[in-house]
Amino acid sequence: ETQNQGEVQNQGEAQNQEETEAGSGNGEEIILATTTSTQDSGLLDAILPVFEDETGYSVSVVSVGSGEAMTMGENGEADVLLVHSPAAEEEFVAGGHADEDGRMDVMYNDFVLVGPKDDPAGIAASAPDDAVEAFRKLADTRSTFISRSDESGTHQKELAIWEACGIQPEEDWYVEAGTGMGAVLEMTNEMLGYTLSDRATWLNLGLDEDLMIVCEKDESGILYNQYGVICVNPEKNENINHEGAKAFQKWIVSEETQELIGQYGVEEFGSPLFTPDAQQG
Amino acid sequence: MPAAYETERYGMELQIQNLRKSYGTHTVLDIGSLTVHDGGITAVVGPNGAGKSTLLNILAGLMKSDDGEVYYGGSREIPFQKMTMVFQEPCLISSTVEKNIAYPLKLRKYSGKEIHSRVGTLAAELGLTHLLGRRTEGLSLGEVQKTALARALSFEPELLFLDEPCASIDPHATLEIEEMLLKRKREKGTTILIITHDLAQAGRLADQVVLLKEGKVVEACGAEKFFSHPDKEETRKFTGGELLV
Amino acid sequence: MPAAYETERYGMELQIQNLRKSYGTHTVLDIGSLTVHDGGITAVVGPNGAGKSTLLNILAGLMKSDDGEVYYGGSREIPFQKMTMVFQEPCLISSTVEKNIAYPLKLRKYSGKEIHSRVGTLAAELGLTHLLGRRTEGLSLGEVQKTALARALSFEPELLFLDEPCASIDPHATLEIEEMLLKRKREKGTTILIITHDLAQAGRLADQVVLLKEGKVVEACGAEKFFSHPDKEETRKFTGGELLV
Amino acid sequence: MKIIMEGVAEAFRLIFSLDEEVFEVVGLSLRVSLLSLLIAGVLGIPAGIFIAGHRFRGKRLLMRLIYTLMGMPPVLCGLLVYIALMRRGPLGSLRLNYTVTAMIIVQTLLIFPIITGLTVSAARDRQGKIRRLARTLGADRRQTMQLLLFEMRFGLITAVITGFSRGISEVGAVMIVGGNIDGKTRTMTTYISQLKGMGEFERAVAVGIILLIISFTVNTILCYLQKDPGEELRGGHAGGI
Amino acid sequence: MKIIMEGVAEAFRLIFSLDEEVFEVVGLSLRVSLLSLLIAGVLGIPAGIFIAGHRFRGKRLLMRLIYTLMGMPPVLCGLLVYIALMRRGPLGSLRLNYTVTAMIIVQTLLIFPIITGLTVSAARDRQGKIRRLARTLGADRRQTMQLLLFEMRFGLITAVITGFSRGISEVGAVMIVGGNIDGKTRTMTTYISQLKGMGEFERAVAVGIILLIISFTVNTILCYLQKDPGEELRGGHAGGI
Ligand SMILES: Nc1ncnc2c1ncn2[C@@H]1O[C@H](COP(=O)(O)OP(=O)(O)OP(=O)(O)O)[C@@H](O)[C@H]1O
Ligand SMILES: Nc1ncnc2c1ncn2[C@@H]1O[C@H](COP(=O)(O)OP(=O)(O)OP(=O)(O)O)[C@@H](O)[C@H]1O
Ligand SMILES: [Mg+2]
Ligand SMILES: [Mg+2]
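Chains G, R, F, X and Y supply the protein sequences, listed in that same order. Note that this note's numbering has the first sequence beginning at 3, numbered continuously upward. Note that this note's numbering has the second sequence beginning at 142, numbered continuously upward. Note that this note's numbering has the third sequence beginning at 142, numbered continuously upward. Note that this note's numbering has the fourth sequence beginning at 602, numbered continuously upward. Note that this note's numbering has the fifth sequence beginning at 602, numbered continuously upward.
FYI, nobody ran anything at the bench for these hints, they're computed from the structure. Among the hints, a few may not be true.
As the list claims (entries may be wrong) - Quick list of in silico lysine-lysine cross-link-like pairs, BS3-like style, CA-CA up to 30 Å:
#1 Lys247/R <-> Lys357/R
#2 Lys357/F <-> Lys326/R
#3 Lys730/X <-> Lys603/Y
#4 Lys223/F <-> Lys240/F
#5 Lys354/R <-> Lys324/F
#6 Lys730/Y <-> Lys240/R
#7 Lys373/F <-> Lys354/R
#8 Lys603/X <-> Lys238/G
#9 Lys357/F <-> Lys730/Y
#10 Lys785/X <-> Lys357/R
#11 Lys240/R <-> Lys660/Y
#12 Lys326/F <-> Lys378/R
#13 Lys205/F <-> Lys730/Y
#14 Lys326/R <-> Lys730/X
#15 Lys250/F <-> Lys730/Y
#16 Lys324/R <-> Lys378/F
#17 Lys240/F <-> Lys730/Y
#18 Lys240/F <-> Lys660/X
#19 Lys785/X <-> Lys119/G
#20 Lys373/R <-> Lys326/R
#21 Lys730/Y <-> Lys326/F
#22 Lys785/X <-> Lys223/R
#23 Lys660/Y <-> Lys205/F
#24 Lys254/F <-> Lys366/F
#25 Lys660/Y <-> Lys247/F
#26 Lys730/X <-> Lys240/R
To be verified - Derived Cβ-Cβ restraints for the label pairs, each shown as a range:
#27 Thr166/F <-> Lys247/R: 28 to 38 Å
#28 Thr166/R <-> Pro647/X: 49 to 59 Å
#29 Lys660/X <-> Thr818/Y: 30 to 40 Å
#30 Lys329/F <-> Leu666/X: 49 to 59 Å
#31 Ile822/Y <-> Ala89/G: 53 to 63 Å
#32 Gly202/R <-> Glu210/F: 48 to 58 Å
#33 Asp207/F <-> Thr818/Y: 35 to 45 Å
#34 Gln170/G <-> Pro647/Y: 51 to 61 Å
Here a beta-carbon is modelled for each residue, glycine too, at the ideal position from N, C-alpha and C.
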């Protein structure tokens, strides 16, 4: 443990030389690997300056797919992760890639099933709040469904729902797009198909001219989209800024920050994009 | 129809009228009237920069004049299929010597047998036989010039423009080439316009000689007259002294 | 040290020994021994493809021979700063005529005044004065060749290699250039090696004449002897007939 | 480094196991980039030769525009084509977004300026001379064009190779208009990009290596077309065009 | 189409309002692509001239490799550099991933083969003749190189423009090693890509247009360096190199 601290200090010195590169504060940089939804929704832009001002760390946000964010963690490329695929996160922690505190809940929003306004599968009428039933209808009517197919949090969630239906979709109507949420929503809009999206990206893209939410707020909680924060195990390599990561983790679950998160989006969309749910204490 | 004929013959002669070419304020060619006889050899001589190549390029349709007309057999169009030219800086297709000589024949869809025989004859006459299979890269400049000449002679052009074709050719080969040109004139009635700095060559070949200077025709007349009793003092000065054989 | 001297003088002469160059099985140059006199003019003559340009290129260090040695004043290195060459296909820097002539002087860090005066004199001698400001694109071939010559003469090379420098130059200018070369030889002791197809020119200029044929030296001797009573029948045939002035 | 070694191993495993998914992706990549190359070449080479051979007002400006379009960001090009082809856009009724056709369109647009620009550069010095030669030998239009193409083949092949390189390697444009749909519009580059996003670096490197191998093969074939006689021989190239 | 018109309007609004974020992004893009261009040019032009001017075993193979690397997918190049620079990798202690330095490295690697390949193509026919001329006039090594650069400036500038185009326009490589970090490694292309993902098409098009304007400006400056004397004049170019 003491050896570990020595390393952290060394690295702090090295980083001071990079001060101009890092830009602000005392120049210490932390790399936050996160999913596109947190950045593209504008949340991080809104709250991160507060952290940087308070602590003097400078945060480099690398927004990638959840899959890659986890890989970055596994490789020790990132210092801290903010991601939304709880199952994969548990695996990550179990694999010893996290530090001793493991993962912490930060916030959630929810997934929504989006489809064309004329809703050919008739989901809005018959299963507006039952995701499993809605997916079954999609399969029954063979309606075009665009899948992220990129092992992102959203994709994992979609697979979980298919599994709950006992269906393994792989026919023509099931389009495996392998790209980001924004692009997939665009594609859904173009093809007038259905897709599963996180609410933030959906709201942000403003595609409600031809598309609408056909299914949301499933009672069972299956559409729940939980975000967690994980500090990367500092023993992975000597370049990890564990102190900064811990500071970030502590800050994002703090009461004040949680409040900030809860307020984000109220102004623009009328309702918050994320609901904070960190356990205090 | 052009008016001023300087010759009694009337056929496919080349008639030049008021040909002018300038670059900016610098006039490099300004020919009032000139006739190149049908079926004869006309030599164009004159100092460097006189405009000789410019004249040939315009006649061959490779360059536009600023003004003036060129008539060929009364028409304003020189049929480019029946005409050919050897450039002052000869230029070969990057292939073999044989393919170069055969190229105009191929373009004109001659039979393979005909092509083979013509190429063989020409190569023999010009001493190129041992080079036929050689690629053009690496040929000596004289060999290049010979190949270009053979290529120009391979089909039978009505009009042959030669821009200093023997400049890099050795003296013996030069005499042979002169023989070939004279034979062409005799047997096929080819009209030949040749630029040369070799006054002796002009004397050996030409029926008509044109002296060009600073873009203007100083004198244009029969070879005999040109060399022995020209009208202009300038011509006498140009051909005079130790230069004339 | 080389052994066979064909001359009584011993200075900065060029000595060639066993020089050989082949392409595949085709030998284009094979010179047993040849000496180019210091401070004299040597003319190299011979049919097209004889290997004349190849020889000059090797001497100027532009090409490697397969075998053999070249000594200059006893040393195996020709100091390239003191040597220059005019190519058979002359080649100018794409700039103005003036800048071309001045270029070797600039490389040698001559003063601006000196450059200006030398360029002016040379241009006047070669009739290039009105072209000094012109860009090289669009020059006539004769003008190009004159510019290349002026450039070669602008500094005072010890060794001057000229590959048919007058091929495209008009007869009067040719005579003037010959004068300039003779003056260089007389006044500066420049060693000049000139390839020419113009036997009359070789006769006017050369102290020594070399006849090359198929890569071999047929005869190399004083000009007087070469033209009037050569040792070899082949030489007589080459210079004979109507070709010799 | 371990990742890269594993990527190389994986690449060979994929090739030799005839992995069907990979083969499909490779096939589509080649189809898209070769077809766009063909279209862009057939249009761009004559366009380049024409521009090089004519004098007209605004020629320099045109050249600078072409150079600028050579640097058209694929993402922007993709986006513009995407917008034009959107359901609500002017060409929406064609329903071309997310089809191979759209990918070929967008790559053609990317490659065309490159081939045109490099052709102009290759033709600049020589086409006048070649044209004059062809004319004096009696070549008609078609024959003149043949001679031009033959004599300028080095420069043209370089242009074509550069165009092909751009096409096969870019990801931004085909990702936007194609959408990386499995079995339909997934190319090697969009697949690499997806694999990278999924954190599957080894497989990403493997597909990348396969791409390079294919690129090398295509270039070898194109270079073969030049029929390079070897080096420039001896002291210069007498009488060369 | 409406989107595009609005994009154009937005572009001018951004330019004239001196939008700070956009300026920062533009500045970084230019810094990265010009610096990599400089490094790649300083290495690639001499390399290309050297290759063109020498005969050696494996030269053709080398050329085909260079052509292949011209088509290196930016995503792959980015990924390989990323792997090499990973913290736990051999160069990890340099902490270069997600820095501007890494972006310059990766773009240099992308541009270098392009400049080298096109330089070889430009130098192929002429460098021998220029070298021989320089030697006969008594130029030393440095002076010979100067003459080479001057005489081949058209081909070289085309190579440089093509290299610059590649750099300024590509997104895959800089996205991976740079990470599109706001205020630190965000370039025009990564920004366009992000904006596109966020559905902000107008702004994406606007940034794209700014990129094209900048590209046009740089090309204009580079073209100016050619000092084009205009057209090839009259019937050929007597005595040209
Ligand atoms: N790469 C090559 N392969 C084969 N033969 C070659 C090659 N390069 C040159 N030659 C031959 O070498 C011979 C000598 O060429 P060189 O240029 O020295 O002749 P030259 O005496 O200068 O002729 P000219 O009077 O025509 O200038 C020529 O026959 C030429 O074809
Ligand atoms: N673009 C141009 N700008 C200015 N002058 C030009 C241009 N092109 C050619 N000239 C000039 O036109 C004149 C005639 O050139 P031309 O090539 O016809 O001469 P020539 O009589 O063939 O000379 P040579 O005997 O040297 O071959 C030359 O003085 C040349 O410099
Ligand atoms: Mg001329
Ligand atoms: Mg020669």
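Hint by hint, here is what the structure shows:
Among the hinted pairs, Lys247/R with Lys357/R is inconsistent with the structure: their alpha-carbon atoms are about 39 Å apart, more than 30 Å. A distance of roughly 38 Å separates the Cα atoms of Lys357/F and Lys326/R; the hinted pair therefore is violated under the 30 Å criterion. With a CA separation close to 48 Å, the supplied pair Lys730/X and Lys603/Y exceeds the 30 Å bound. Among the hinted pairs, Lys223/F with Lys240/F is consistent with the structure: their alpha-carbon atoms are about 20 Å apart, no more than 30 Å.
Of the pairs offered as hints, the one joining Lys354/R and Lys324/F holds, with about 29 Å between alpha carbons and a cut-off of 30 Å not exceeded. A distance of roughly 26 Å separates the Cα atoms of Lys730/Y and Lys240/R; the hinted pair therefore holds under the 30 Å criterion. Our distance criterion of 30 Å between C-alpha atoms is broken by Lys373/F and Lys354/R, whose separation comes to about 44 Å. With a CA separation close to 16 Å, the supplied pair Lys603/X and Lys238/G stays within the 30 Å bound.
Our distance criterion of 30 Å between C-alpha atoms is met by Lys357/F and Lys730/Y, whose separation comes to about 27 Å. Restraint check: the Cα-Cα separation between Lys785/X and Lys357/R comes to about 73 Å, which exceeds 30 Å; the hinted pair is violated. A C-alpha spacing of about 29 Å is found between Lys240/R and Lys660/Y, which places the hinted pair at or below 30 Å, so the restraint holds. At roughly 29 Å between alpha-carbon atoms, Lys326/F and Lys378/R fall within 30 Å of each other, so this suggested pair holds.
Proposed proximity of Lys205/F and Lys730/Y is supported: the alpha carbons are some 15 Å apart, at most 30 Å. The suggested pairing of Lys326/R with Lys730/X holds, with an alpha-carbon distance near 29 Å, which does not exceed 30 Å. For the suggested pair Lys250/F and Lys730/Y, the alpha carbons sit about 24 Å apart, so the restraint of at most 30 Å is met. Our distance criterion of 30 Å between C-alpha atoms is met by Lys324/R and Lys378/F, whose separation comes to about 25 Å.
Taking the CA atoms of Lys240/F and Lys730/Y, the gap is near 19 Å; set against the 30 Å cutoff, the hint holds. Annotation: proposed proximity of Lys240/F to Lys660/X holds, straight-line Cα distance about 29 Å (limit 30 Å). A distance of roughly 26 Å separates the Cα atoms of Lys785/X and Lys119/G; the hinted pair therefore holds under the 30 Å criterion. Simply put, Lys373/R and Lys326/R have alpha-carbon atoms about 29 Å apart, close enough for the 30 Å limit, and the pair holds.
Between Lys730/Y and Lys326/F the CA atoms are separated by roughly 29 Å; this keeps the pair inside 30 Å, and the hint holds. Taken as a hint, the Lys785/X and Lys223/R pair is broken in the structure, with Cα atoms around 57 Å apart against an allowance of 30 Å. For the suggested pair Lys660/Y and Lys205/F, the alpha carbons sit about 20 Å apart, so the restraint of at most 30 Å is met. Restraint check: the Cα-Cα separation between Lys254/F and Lys366/F comes to about 45 Å, which exceeds 30 Å; the hinted pair is violated.
Distance hint between Lys660/Y and Lys247/F is unfulfilled; the C-alpha atoms sit about 36 Å from each other, more than 30 Å. Simply put, Lys730/X and Lys240/R have alpha-carbon atoms about 19 Å apart, close enough for the 30 Å limit, and the pair holds. Between Thr166/F and Lys247/R the Cβ separation comes to about 30 Å, which falls inside the hinted range of 28 to 38 Å. The given range of 49 to 59 Å is broken by Thr166/R and Pro647/X, whose C-beta atoms sit roughly 37 Å from each other.
For Lys660/X and Thr818/Y, the Cβ-Cβ distance of about 19 Å falls outside the hinted range of 30 to 40 Å, so the restraint is violated. A hinted range of 49 to 59 Å for the beta carbons of Lys329/F and Leu666/X is consistent with their spacing of about 56 Å. For Ile822/Y and Ala89/G, the Cβ-Cβ distance of about 55 Å falls inside the hinted range of 53 to 63 Å, so the restraint holds. Restraint check, Gly202/R to Glu210/F: a C-beta distance of roughly 53 Å satisfies the suggested window 48 to 58 Å.
For Asp207/F and Thr818/Y, the hinted distance range of 35 to 45 Å is not satisfied, since their beta carbons lie about 54 Å from each other. Between Gln170/G and Pro647/Y the Cβ separation comes to about 59 Å, which falls inside the hinted range of 51 to 61 Å.
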